[in-house]
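Listed below are the residues making up each chain.
There are 2 protein chains.
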Amino acid sequence: MTSHWMDDPISDEKTARVAGPAGALADSVRDLIDAVIRSEVDPDELESVRGEVEALTKRLRVQQIPGSFGQTHGFSSGAIRAWGNAAIGLRNAVAPPMVNETREDGTVVGRATLGAAYEGPPGMAHGGVVALLLDQVLGEAAHVAGRPGFTAYLTVNYRHLTALGRIRTEARAEPPERGAEHKTFVRGALFTIGEDGSETLCAEAEGLFVLPRHLREQMAKESAQEGL
Amino acid sequence: MTSHWMDDPISDEKTARVAGPAGALADSVRDLIDAVIRSEVDPDELESVRGEVEALTKRLRVQQIPGSFGQTHGFSSGAIRAWGNAAIGLRNAVAPPMVNETREDGTVVGRATLGAAYEGPPGMAHGGVVALLLDQVLGEAAHVAGRPGFTAYLTVNYRHLTALGRIRTEARAEPPERGAEHKTFVRGALFTIGEDGSETLCAEAEGLFVLPRHLREQMAKESAQEGL
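Residue numbers (our numbering), protein chains in the order written: chain A, 1 to 228; chain B, 1 to 228.
Quick caveat, the hints were computed from the structure, so don't treat them as lab data.
Identical chains share a label here; the pair holds if one copy fits it or two copies do between them.
Restricting the straight-line Cα-Cα distance to at most 16 Å, the calculated cross-link-like pairs of lysine to aspartate or glutamate (EDC-like) are:
1) K183 / E217
2) K58 / D42
3) K58 / D31
Model the full assembly from the supplied sequences, consistent with the hints where possible.
The structure is reproduced here in structure tokens:
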């Protein structure tokens, strides 16, 4: 499967023009996903709606990229647009999406609302969805620390069932170890947020993120070019 | 958020009548999700499609359950219908869905095809999606072993980037430890499947699944009733 990669940037102009409508369309599909799970209309009506969905998909596929979305910026850039990302992707209705921000101390904080589509035990978020969101926020914390990488391992300790609804994640990278700067150890956590704003710790995570040699070399090259 | 729970079973007749159309509709929405990520049609067309999606959602919501889907069978039953489940849910377009079967030795084997909606690194499955599918298959292996539970911890060791495409998971519960029968230790793995059918080990996982006391007591009660 082909995909956008770091040598295929989208212009800022095109980005600005597409982001709004594409994000709004993905939001409408998130709502549709929820309705498909919860609907109790007749099987005939389900069939009829399916026909309409297929027709809409055809309209969108008139012009499309050949594979997955990928990323539309350099791996070393602070502004990767991972619009297809399964946890945060603006255009990806599988993603809640989690929306992240970085604090001055390097902590990445993510927020999402988990509806019926993220269920595991009845009324609760799937333990694997908790892991998905933590993997994402931990990975971003490694990135923010200037040491991006792929997940080498991830451990999630579940402290409390995660009720569906509003959640918050946070993660921060540990300082690098001398001689192992390509390995980044990150800790994080996920909380549910009650109606009164109170938080409940539901899971703690630690992960190791490692950057393969060929990407380390590419990053060094990009940094050198940016310095010209 | 309310949800179906074990005291709210759906009749076999209703299940048989709804499963086909509901599953087909969810499949069509999976295809729509992919198209929304990859489409390059004009912003005006994206807006127009969004309007149509919203109209379809309205039709489905004319009659719907109040919260999340939950499970439509007893927790101790072998035939839980978790149609809303984020990893395997028949009606949940967020789920690939992974389709699982149980071998005679108690190994649970899952299969799925991961498209653009499951992306993390360009062209690769999100590490957190790998964790989601492993959490599910490990949890089912605990269930199959007669010792279902919620995830207490999950560790995923990533051995290889997981290319988008066909994957297989497997998991099997370890024998119980005397005096700790409510804790089930499970090991599993995820493989990609190449076009020639060859498999590549991408991740190994271990997890601990624990059944809370109130559910243990409920299971014991259900077992006793089944024995009447």
